[in-house]
Each structure stands twice: as C-alpha cells, then as structure tokens.
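Undergrad: Now for the letters of each chain:
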Amino acid sequence: MSMNDLIATIKKVLEEVDVVLGWTRSPAAGVAVPARFHTPDEADGAIFDSTCTHNLAVHLPRLKNSKVGIVAKGCDARSIVQLIVEGEVSRDRIRVIGVPCPGVIDVKRAWRCFGFGKKIEDAGGRVHMEGRSMPREEILLHKCHQCQDQEPVIMDLAAGDVKSVTPPPPPDKTGIRERFAAMSIAERREFWREQFSRCIRCYACREACPLCFCRDACSMQTREPHWTGGQVNAIESEMAQQVRTSHLAGRCTGCEECERACPVGIPLMLLLEEQNRIVEELFAYRAGMSLEDKTPLLTYDVNRDGGWR
Amino acid sequence: MLGVFVCQCGTNIAATVSTDRVVQAAKSMLGVVHAESIQYTCSDPGQRAIIDAIQQKGLTRVVMAGCSPRMHETTFRRAIGRAGMNPFMLEMVNIREQCSWIHSDIDEATEKAIDLVRKGVARVRRQKPLQAGSSPVTRRALVIGGGVAGIQAALDIADAGIPVTLVEKSSTIGGNMARLDKTFPSLDCSSCILTPRMVEVKQHENIKLMVNSEVEKVRGYIGNFEIDIRKKASCVIEENCTGCLICQEKCPSKAPDDFNVCAGESKAISIPFSQAVPLVASLRKEYCRLFIKGKCSVCQKVCPAGAIDYEQEDIVVTEKFGAVVVATGFGLYDWKQSYPTYGMGMYPDVINALKYERLLSASGPTGGRIERPSDGKEPRDIVFISCIGSRDESVGRPQCCSIGCMYMAKQAILTKEHIPDSQSYIFYIDVRAAGKGYDEFTRRAQTDFGAIYIRGRVGKIYPRGGKLVVMGTDTLAGDQVEIEADLVVLATGLTPAEGAGQLARRLNISTDGQGFMAEGHPKLKPVETNTGGVFLAGACQGPKDIPASVAQAGAAAAKVIGLLSQEELETSPMVAEVNQLKCAGCFKCRDVCPYGAVEAQDARDGQVAHVIASLCQGCGLCNVACPPGVISLKGYTDNQLIAEVVEVLR
Amino acid sequence: MRFIAEDAIPRLLEHLAGGGRTVWAPRVARDSVNTVLFAPWIAGEPVETGAYTHLSAKATLLPPTERLFGFSYLQTAGEERIELEPEEPEENHVLFGARVCDARALAALDALFFPAGGGFNDPGYAGRRSGLTVITLACTTCDSACFCSSFGKGPAETDGSDLILYPVANGFLAEPVTDAGSELVRLDLFQDSPLDKPELAVTDRIETAGLREKFIDLFSDIDLWRQVSEKCLSCGFCAYACPACHCFNIFDEMSGDREGERCRSWDSCMFYSYTLETSGHNPRPEIAHRYRNRIGHKFSYFPANRGEILCTGCGRCIRGCPAGVDIREVIRAVQER
Amino acid sequence: MPKTEVKIIGFLCNWCSYAGADMAGTARMKQPASLRVVRLPCTGRVNPLLVLKAFREGADGVLVSGCHPGDCHYNEGNYYARRRMEVLERMLPALGIDPARFHYTWVSASEGAKWADVVNEFTRRVKQVI
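Protein chains in written order, with our numbering: chain A, 882 to 1190; chain B, 104 to 753; chain C, 99 to 435; chain D, 85 to 214.
This is chain A alone, in the form it adopts within the complex:
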C-alpha cells in the first residue's frame, strides 16, 4: 500500500461523509497520532505505518450524529463490528477503510529503547530511529503476534491489498505472559497487588477502550453502585479494574488499547486475554467477528450450555 492509495481512498470517502478518522505523523513525537480529516487538503497528511497503534473506533460512539469514515486495521474493525452489534454505532453512518496491517509496534517500548520523539521508521523487518535499529518482531505489540484478523471483518473500501499481509511471528517466550502463566495462584495475588499499587486511577484504560462507552456513569468510580472506594491504592484500584474486566466479558475484542494507554504500564491484557480465551473456549465466540452475533453473556443456549463440567 502506498500513502497515495490511502490518501486517495480517504478523499473518495470524504465525498460521502463529514469526517474521516485516520492518522497523521506528529513531527514532535516522530510517530503517528490520530487525526480527523474534514477536507481533501487535510487528507493529504494521512499516513499508515506500524506506529498507527491507536484504535480509532473509540471515537465512533462520540460521533453519533455525524457520518464518519474510519481507517481501520483488522483488529480495529472487530471493535467497529462489536460497537454495531451493541447498537452504539449505526452501520449506515460509517464507512470503513481497511488497511493492510503487518502489525504495529509498541511505541512506548521503542521510546524507552531509543528515546522519545525521533522519527521511528519500519523498514526491511527492522524498526529504525536515528541510525539505531532493532528487529520489528521484538517490538511488536503482543496482539500482533500471530494475529488472526489482518483482513478487516467489516470494510467498505480497502486502501491497498488487505489480504497480502504476511502474518507476524509468534511472540518471544520470555515475556511477562509466560512468567504470569507459570505463577502459582498466591504469586498472582501478590503480582496484582504490586501492579495495582502503581495505578493512579486516571482511567486511561477505560477512555481508550472502544467498548467502554458508559464513560460518565462508569461504575469504576461511582458510589451507586459502590463497587470500589475512591482511594487510590492497590486494593481499590484492583477492584476497579475487575469491574472493567467483568464488564468486558464477551465484548472485548483484544485490541490492547487499555494496556497501551496505561501510563504506569500495568499489564491489563493478562486479564482480558484470559477472559477472552475463556469466552472462546466456552461459547466458541470471539467478539466483533460478525454483525449477526449476540454477545454471549447476553444470551444463552439451553442445549449446549452446562456441558462444561
């Protein structure tokens, strides 16, 4: 896919929508940042590269009254589908532009390795910044490893050949996930206490999540229901996160935005990935795969349920 393909497609979609959600490069950050294109001129700044980590679907419920075009990676498309299934977004108000995604990189980790703000480039299987480089598979977001959803499940137009992408390699086996899997239950209890002790309850996890659309009423911070106290401490913060996790059961598409957004690096996806795995195991269901789906915890199947144990 060339940038020109993308720009041309956005311009075409702009003929029928009010705004297109896409990415542009921030000169200061050296990476992609979300952008809204209202005019063809603005669309000239559109880019797509492996720093386009943000899931732009999060903006759709906030733009209920506009016709919106959206540039979507395969994983983002699942969020869009789930939002439509849940009635938060109406299909006829949106135009989805699919992009061929070879996986996006963990920008924060790149910054930690290279320093913030210089232009990050992804070429020849390596991620480069000012003359230094590292293999891209070492710095991909976890969700991108062995991604099953490179071709967007919902798409009106494609910018480039969304089927041509080669799947990224499996993740390195030394990461936090493997260590977590090997922990005893008591060690996990300690692990979460430690992790949530640095939570500041900024709710970036929630705000970055396309499916946390209750926002202002969110019971991570309400007193009615009073699931969790307002104190910023490991116990209350963990409970708050359990509230969020539980509300995403059968709805989370695994876009990893919560974990990416977390400013203190709490590996929230350990919980959500496990929950998604359980939901798939029990109900053969992955959220956001079909407009016809019913969210598994909002339905039941008399004939199949209960054979689990």
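Don't take each hint at face value.
Claimed, not checked - A short, non-exhaustive set of chain D residues, derived as facing chain B with CB atoms under 7 Å:
{"id": "1", "residue": "Val121"}
{"id": "2", "residue": "Gly128"}
{"id": "3", "residue": "Asn131"}
{"id": "4", "residue": "Leu134"}
{"id": "5", "residue": "Lys137"}
{"id": "6", "residue": "Arg140"}
{"id": "7", "residue": "Tyr158"}
{"id": "8", "residue": "Asn159"}
{"id": "9", "residue": "Gly161"}
{"id": "10", "residue": "Gly180"}
{"id": "11", "residue": "His187"}
{"id": "12", "residue": "Thr189"}
Said to hold, decoys possible - No more than 30 Å apart at the CA atoms, straight line, and that leaves these computed lysine-lysine pairs for DSSO-like:
{"id": "13", "chain 1": "A", "residue 1": "Lys1175", "chain 2": "B", "residue 2": "Lys685"}
{"id": "14", "chain 1": "B", "residue 1": "Lys320", "chain 2": "B", "residue 2": "Lys353"}
{"id": "15", "chain 1": "B", "residue 1": "Lys305", "chain 2": "A", "residue 2": "Lys945"}
{"id": "16", "chain 1": "A", "residue 1": "Lys999", "chain 2": "C", "residue 2": "Lys251"}
{"id": "17", "chain 1": "D", "residue 1": "Lys114", "chain 2": "B", "residue 2": "Lys626"}
{"id": "18", "chain 1": "C", "residue 1": "Lys251", "chain 2": "A", "residue 2": "Lys1000"}
{"id": "19", "chain 1": "B", "residue 1": "Lys519", "chain 2": "B", "residue 2": "Lys563"}
{"id": "20", "chain 1": "B", "residue 1": "Lys628", "chain 2": "D", "residue 2": "Lys114"}
{"id": "21", "chain 1": "B", "residue 1": "Lys626", "chain 2": "D", "residue 2": "Lys198"}
{"id": "22", "chain 1": "A", "residue 1": "Lys1175", "chain 2": "B", "residue 2": "Lys320"}
{"id": "23", "chain 1": "A", "residue 1": "Lys999", "chain 2": "C", "residue 2": "Lys295"}
{"id": "24", "chain 1": "B", "residue 1": "Lys305", "chain 2": "B", "residue 2": "Lys404"}
{"id": "25", "chain 1": "B", "residue 1": "Lys320", "chain 2": "B", "residue 2": "Lys388"}
{"id": "26", "chain 1": "D", "residue 1": "Lys198", "chain 2": "B", "residue 2": "Lys439"}
{"id": "27", "chain 1": "D", "residue 1": "Lys198", "chain 2": "B", "residue 2": "Lys647"}
{"id": "28", "chain 1": "B", "residue 1": "Lys628", "chain 2": "D", "residue 2": "Lys198"}
{"id": "29", "chain 1": "A", "residue 1": "Lys948", "chain 2": "B", "residue 2": "Lys685"}
{"id": "30", "chain 1": "B", "residue 1": "Lys272", "chain 2": "B", "residue 2": "Lys231"}
What the hints assert, rightly or not - Distance windows between CB atoms, simulated:
{"id": "31", "chain 1": "C", "residue 1": "Asn190", "chain 2": "A", "residue 2": "Met1064", "range": "34 to 40 Å"}
{"id": "32", "chain 1": "C", "residue 1": "Asp350", "chain 2": "B", "residue 2": "Asp331", "range": "37 to 43 Å"}
{"id": "33", "chain 1": "C", "residue 1": "Pro292", "chain 2": "A", "residue 2": "Ser883", "range": "57 to 63 Å"}
{"id": "34", "chain 1": "D", "residue 1": "Arg208", "chain 2": "B", "residue 2": "Thr114", "range": "29 to 35 Å"}
{"id": "35", "chain 1": "C", "residue 1": "Glu189", "chain 2": "A", "residue 2": "Ser971", "range": "56 to 62 Å"}
{"id": "36", "chain 1": "A", "residue 1": "Leu1038", "chain 2": "C", "residue 2": "Arg324", "range": "24 to 30 Å"}
{"id": "37", "chain 1": "C", "residue 1": "Arg324", "chain 2": "A", "residue 2": "Asp925", "range": "48 to 54 Å"}
{"id": "38", "chain 1": "A", "residue 1": "Ala1062", "chain 2": "B", "residue 2": "Asp208", "range": "42 to 48 Å"}
{"id": "39", "chain 1": "A", "residue 1": "Met1064", "chain 2": "B", "residue 2": "Arg322", "range": "55 to 61 Å"}
{"id": "40", "chain 1": "D", "residue 1": "Arg208", "chain 2": "A", "residue 2": "Met1064", "range": "24 to 30 Å"}
Bear in mind the hints are in silico, worked out from the structure with no lab data behind them.
The model shown is predicted, which means the values in this text are computed figures rather than measured ones.
A virtual CB, placed ideally from N, CA and C, is assigned to each residue, including glycine.
Could you slot chains B, C and D onto chain A? The hints should help.
TA: What follows is chains B, C and D alone, placed relative to chain A:
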C-alpha cells in the same frame, strides 16, 4: 431509627441461639435505637409488642430475626404496616431454619445470628420506602387434568361464576377414577358417582373443555398468565361426531386398549369407554393403517356424520388466565425391571391392581367376569402383594402409596363377591388404614370375606403346571410360605403422571424427590405452590385417595375463587428502575429481560431505557447486565447487596 | 565544585534514608521495563538516574490519596456519636532525582497550599513540604517533548531545589542551592572537583507571552476548543502526570457501616464528573469545555490569581498521552488566532 | 475470638435454593456454621462482581445456588447466571483467587438433603484450601 426484634420461637431458636446476646449485639449496631427479644413474635402479643415499640420509639426501619422470610415476611410486613410504617422497611433475618435448626453449638449459632442481624441492619438501612403497584386480574381459570380432582376443581370454580378451561391430555375426562370398579370403603360404584360429574362438566356454561390438549407454554404471572395450549389433531371433527361407534366397529387397525390397561384390545379409531366425555372418537395415527401403509380410509367412508378429517392439524390456542389448578394425577410405578424375581412381566398372570380393577368392572373388557389373562380361566387362588415400588428403599422408593392397603382389601372383597369359592391371600408389610371407616373395612375383608393376610414380602414368583408359585415369608410366624396361585395382583406404587415434570417446569413450580409437585408449605400452604396463582389438586401433589383428592380440589378451587374475585392484584414493588440521567442507552437490560419489560424512551441525547413496572417481575437480570448499574432492582440494589456482603464479613 | 561518584549514590541514598526518612527516587516499576516512577527507595534496589519518569514527583507532597482523618460511629444505649481519629503528621521526606521541571513546580504548589506570604496552610502539605529535601538532576540532554526552556531559566533553573547534581563522566557535580544542600555536600561522599558545570540541554519552546489575555479573548471560541481537543479521550492522565496540577476531591469512604476515613484524592478537570452537579447538570459537558479549562487554568487563571504558570514544560503529558495530544500544539494554535 | 473457622457467603435464589435451605432446616439437617446467606430473587441477580467483592472483603468461600436450569422462577434467569458464573469461575486463577473457594450449583426447593450436602462438602473444600 431502627428496631431489631429477635424471636425466640419458644425454644426453636432460643435453645440454640442466645437471643439475649443477639439483642445486646444489635444494640451496638449503627442506627439501632431499640432491640428486644420476644418469645413468639408472630403471635398476637408478639406483634403487638412490635407495633408498640414502633409507635413509642418512632422506628422507621425494622429488622426481624426469626424464622424464614418465606414463612412470615407477609405477616410482619402487615404488622409494621399497621403500626404506620411503610411495610417494605422490614428485613427478615433467618435465624431459625438456616441457623438454630441446623447448628448445635450455641456459641457458633449465636455468632452467626449476630452476623446475620448485622447484615440485615446494613441492608434495611439502605432500603427505601416502596409502594406496591397493582395489576388487573384476568377472571378465567385453567384446570390442567380431567381426573376427579380436575373435575371437582373445575366445577367448583365454574359454579362460582368464573369461566374455566379444563385441559385434558387424553380424549376423555374421567382419569384413573373412571377405570375403577368400586371405591373403598363404601363400595360405591365408581362410574355411578363419577360419570354424572363428567357430564356436568360437559354441560356447564362456564366450562370450556379441551381434550387431546396439553399446556405448551406459560408466560406471565399471578392474575395474568398467558398460556399456549396445544390441541392435538385427532382426525375427528369434534362437533360432528355423534359417538355412534360405527368407525370403531369397522376400523381394521388394532391398537392397545390403554383405558383397560391392555386387558382388552382396541382400535386405531376409538372411544375409550362408553361413558366417555366428550363422547367423541379419536384416531391414533401410530396404529392407523392409513397413516402407516397409506391406504384405508374405512372410517371416513362409514362415518354417517362426516366427522373424519385426516388432514386435521394440531392447533395452538393462546388464552389468558388469572389462575391455574394443576390436577394431573398419577401414573403407576413400572415394577418390571426393579423386581426381576417376579418374572419381569413375562408371566401374563402377574398383573397390576389397576388392570385387575378393569377385570372386576362390569364395564371392563370381560364384562365383569374375572378371567386370568393367560388362558381366560376364572382364577381360584389369588395373591395380592403390597408395596411394590413403595416403602422400598432398595428400589429408591421410600414413600407409602397411601392407597394400596385399602384397595387390596377392596379387591379381595370384590373377588369373593365375584367368585364365592375363591381364596385371596394378601402379603402386606403393615396395614395402613387410618381413614374414616378404613380399618373396619380391612378387617371385614378378613372376617367377612376370608382374605388371608400374611405379613411379609414375596421373594420369588415362578410358574409351575399352569399355576404361579408365590414364595414368601410370613414374618409373624417366622415361616417360609409357598402359595400356588392362579393370579397374582401387585399393588404398585404411584408416580407422577407422565409429563408432569415438564409441566412443572413450564409453570415454574418445584417438584419433590419423587417428582410430585411441591406444595407451598407442607402444613400451611397445602394447595399453593411457590408460584403465585398456581394451585395443586389431587395426586399430582402426592399419592392420595379419592376423598383427599376431592377435598384438595375443593380447596384449590376456593383459593382460585378468592383470587379471581379481586379486580386488581397487588404487585410487588420490587421492580427495576432506571436512573435515566446516567443511562448510556446500550439496552443490554432489554436484551436479557425475560418479560419485555424494558422499552426505549427518547431523551435529550438519544434513547434511554425505561421499565414498564407492570411487566417487570423483579428478577434483577437487567441490573447485572447493566455495566454502570444504572438500572437497579428496588429492594435488592447493588449497594444493599454490597453492604450485606461487607457487613456479614466484618 | 563538589563531586560525587556514580557508585557513591547508593551510599548517599542510605545516608538520606537515615533517621527513618522516606527517600523518593526514580525506579523502574517491577514487571514493567517501560515504566519509571518516583517511589520510595528500598535499600539495595537500583535507582534510575538516566530516564524520564512517567509521572512527576508531586506524589511526594500530594499523595494520590491522602487520609485526612479516620472516624467511627459509636452506638451506645441508643445514642449515636462520631469519634474522629486525626492523622499523624508525616515524617520528613527526601526527593532524589527530581528534574528541574519537578522542582520548579513546587513554587506553584506552595503558592496554593503553603504560601510564603502567609495565608491558609494545608496541614498535610505544609508538614511534608517543610521537611522536604529536594535533590535535583540537571538535564544535559532532552527529548522532543521537553519544553522547559519556555519558562524562566529553563534547564538552568534552581528554584525549588536544595541540591543540584550535574551529570559528568563517572558521577555528578553537586551544586548546593540551600543550606540543606550545603550541609549535604560537606559529607565525605563528596569530593572537590576542578570540573566545570556541563552544558545544559536546550529544549523546544512555546511562547507564553500574552497568553493570559489571549485565552480570555478566545474563551467563547468553542470551535477552536473543539478542534484542539478532538483527539482527546478525556482520561485523567495528563493531570495526574503533571507536576503542577493539584486539583483534588474530598470524600468519605466507609469500611463497613461503622468505620470510615475522609480522603483527599487527585482529581482531574478532564473528567466529566469533575463539574457534574447534583441536579445532573454539567456546565462542562463536552471534552472541549474541559480541555479549555485545562489550558485556561494553567496559563491564565492561576497565573492571574497566584502569579505562577501551572506548566513547567516537563513534557510528561505529551509523552504519555494515549491519544497523542500535544499541549504545545494547542498553545500554538491559540497564539496563532 | 471468633469460633467459626471459615466464613462462606452464599448467594441464594429465593425460590429454589433458599427454600431448599429452609427445608434442610425444617428437617434439622446439621450443617457447619460457616455459611452466611444473602437472599436474592434469582441467581440472575448475582453480579459476578458481588462474588469478587466478597472475596475482597475476606470471605473464605463464595457459594452461588439457584433453581435447576430449566426451573427458573423467572424462566431464564439461571441460564444467564450459569454463563456468568462459569466465566467467573474460570477467571479466578488469573485474578489470584483459588477457584476451589468458589462454587455454583443448583438446588431445588425440595432438595433439603442435597443442600446440606452442598454446604458440608463446600465447607470441607474451603477449609482444605484456606
């Protein structure tokens, strides 16, 4: 201003829970201004003490620690209502059924009771006054099952001027009683007392009779059920059929005679017995040559009334009812697998008592002559064996069938009347004859009719030279007994009727360990169920004889009449409500609501949820489905439940 | 100048921690290679002197949640009363490894909670502040999110610090700013050094001149605010990472029905609930309204009321924003109007 | 000094399991004093968060019991509950909570003896893992 009342329930609670310590602990709980222990809170002086305390101390919330709320919640709501409080500002704490009765250590039980009271205090502190709503009542009753209980209930309700639909699964009403020859202890002719009642049903202006019909789906709730009834195709146009029986005579397809317990033979198209109501033929497709081989239509050709319609299809009728009486009766225990030493059904002359009843009956297949099935000979020595599939832990059936002792005596008497030189032997465990005139009756069987009672079980039955050798024990004499019998009659236990379990599920009523339908309370709610507006009559609730079935049917009818004489019913105020300011309009609540009680309403920024209170039944599914919890179940709000959890663990 | 070798830093920290003091220092969060935060130093654990912390050091003075007092309801003989349990004043703290941008933010916080010219002293803050020693790391390098050169002396600022450490080969030159600093450099962990102070970083700049008035002029230009905040997701990260943001919420939390505590927690004007009124009305319903307040408070209202800009150019809100919002772009857009 | 060794919170539906527990009481079936019952209209009202909250507040075990699937007083409540509880149970190890401390089951109004068994067995299990 919270009051805590701790019931001693005589010694029921006080023997295991130190009510004084509970009172002391309650006094230090937040908001509690009054705590006392009362010997019997539910008694008149007990209730008066509560009302006095409310009025003197100005209580606004009450915790009642005592029996299960399922027992007396209504009692105490009324009591505090009489004291001028909102009746829903009450929390009942169960320290009897779920505490004093199941624990023996006083310290443990008291500690638990205190925890539970603290939980109750926390909960009622967060309770808001609620106002009961009302819903209109549909003045029509449904009676399911057309045996003697169903007939009695239908007639009693109809006589009170309330329309009744009587649904019967088979093609005629009458049930098991219609099969009986005589009834104990008066030896009334069963048909003679039942058939007039059956005809009355048919002719009653307030009764709509639906035979060949079953309840398929139940929606709604007390006062407002909406029920689908499937009327199965019988290939006979009911209005046209005159009951002339020509079709049955000419029908070439043989079929089992279910009514006569297969003592005789019937046809694919038939009327089960001559007093059937309605007197209308039905065709059983599974035996009909036309439906099996594709060629016949004899009945259609011979029917003078043009009543045969092979194309007839099932129809599903949806009707509204205010109340339901279940009177599905009983079935018989299938003994063949469990008692292998009795021949497992291979000896034709080992029969159950209901089949024997048909052999005794003048309207039966033999015209009232007792013929044994194997060779049609009149038997001389007849052995009755009691408690087959009753009172027998070894086959998993511990309960008493409650009628076996009596009908064995009856059948022994009738046998002697039919065949004066016959000899009846009755193997029994105990003779249970507690009803009015019952014991005298069983004694007459022995003294006046010569029945020989042998206390003991039969170990084995085997054929020898055209007879059946019955080997048993006489436990009184301590001897082995061997009787050469011509016929063996088994007093088999009673089971719920076929399909009763499924029906119970459709009606949301519980069943007991043997599958009989569970009454609301074993003593105080013998005809009610745990589902409001659904009542029980007859053997569907447990084995019983005719007078008990009729009495229960009358009681059920009285409950229905009482219920349906009200124009409106009070509905529970514990329904869901939406905080529309916070609702994000995702409608997950609507997705899970079993009652369609959530609708969308327009608000400033799009649509929000709204609960139609009259449809909401208060299950709380929506409350859990709502991520921000802005739809909440009144009386069971998240914060109430959270407070219960937090406080009970303190 | 005095010099301290890099390998003497642990001993310095041990010294600082003497007498039961808590030493806050930049540390890599466990199980998260990407996250560097100020946290109480534990003997033997490494301190991160080369990286930027993801959150500012303000938690040292303004904890995310501060217990103001405990209380319990007592019920005796039908009478209900409340018993208060005051909080013990905190021990002295040391802040090690703060940056100039952290240190200079203290002036703004002091202006509100512990004003030099008198006025209301917040007991918790004042207690911690008066016992605080600040040891700052000067910046010889910066990244593209830094813009502290926009304010005052930029990287050369000494306000707020007691001692400034300048990175040089194998260690740090130490420049005391206050008496407390001077006392520290007399320790024999420090030696005299002939080296000169290294050249400090030069960061990006924004123009703040005239911003106070300009903002007021543009207050009603809601289209501008909508445009500059369109990426924003309205989380509280920027406020929580900011060394100068200090909004708080006060609430009671019960543990059970008897005991509770009154707490003061961080709050962010980016939250919808921040201005939500009991009636359900919210004067700042849109993100644009809230973002406008964020800019206005930092660059217009607070400077007008307390004489301090509530921004030190630390760039943390830029580096960590999940949505890629850059406050400099917003200021530039405002200045260009 | 509290006498009860473990504390278990039970969330019981009013129509079946609560009635079953009452029945066990009426039949005087002895049970350990570990259980504290919270009565709810339906297991469909049991928010998985309520279970987590109970653990957080120090419950040693949490027991959820309702009508048998198919017998729900509200027709479908326990079908939803069954899915919710199954997901929750499987999530517990990841949250650092021993799943042996959680149990959901179905006990009807007539199964007093089964209820007593459930309480005995679950208490025994919780004591083992605590």
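Undergrad: Does the CB of Gly161 of chain D sit less than 7 Å away from some CB of chain B?
TA: 5 Å, holds
Undergrad: Below or equal to 30 Å on CA atoms is what counts here, so check Lys999 of chain A against Lys295 of chain C.
TA: 27 Å, holds
Undergrad: Any CB of chain B closer than 7 Å to the CB of Asn159 of chain D?
TA: 5 Å, holds
Undergrad: Answer holds if the nearest beta-carbon of chain B is closer than 7 Å to that of His187 of chain D; otherwise answer violated.
TA: 17 Å, violated
Undergrad: Can you confirm whether the C-alpha distance between Lys251 of chain C and Lys1000 of chain A stays at or below 30 Å?
TA: Holds, at about 29 Å.
Undergrad: Are the Cα atoms of Lys320 of chain B and Lys353 of chain B separated by 30 Å or less?
TA: 38 Å, violated
Undergrad: Using the C-beta atoms of Pro292 of chain C and Ser883 of chain A, is the stated range 57 to 63 Å upheld?
TA: The hint (57 to 63 Å, Cβ to Cβ) holds, given that Pro292 of chain C and Ser883 of chain A are roughly 58 Å apart.
Undergrad: Does the alpha-carbon distance linking Lys305 of chain B and Lys404 of chain B stay inside the 30 Å limit?
TA: 28 Å, holds
Undergrad: Can you verify the interface hint for Gly128 of chain D: is its Cβ closer than 7 Å to any Cβ in chain B?
TA: For Gly128 of chain D, the interface hint holds, since the closest Cβ of chain B sits about 4 Å away, which is under 7 Å.
Undergrad: Given the hint that Lys948 of chain A pairs with Lys685 of chain B, does the C-alpha gap stay at or below 30 Å?
TA: 25 Å, holds
Undergrad: Has the given pair, Lys198 of chain D with Lys647 of chain B, been kept, meaning a C-alpha gap of at most 30 Å?
TA: Distance of about 26 Å is within 30 Å: holds.
Undergrad: Between Ala1062 of chain A and Asp208 of chain B, is the Cβ distance one that fits in 42 to 48 Å?
TA: Roughly 44 Å apart at Cβ, these two residues keep to the hinted range, so it holds.
Violated hints for the displayed structure, listed by number in ascending order: 6, 10, 11, 12, 14, 15, 30, 32, 37 and 39.
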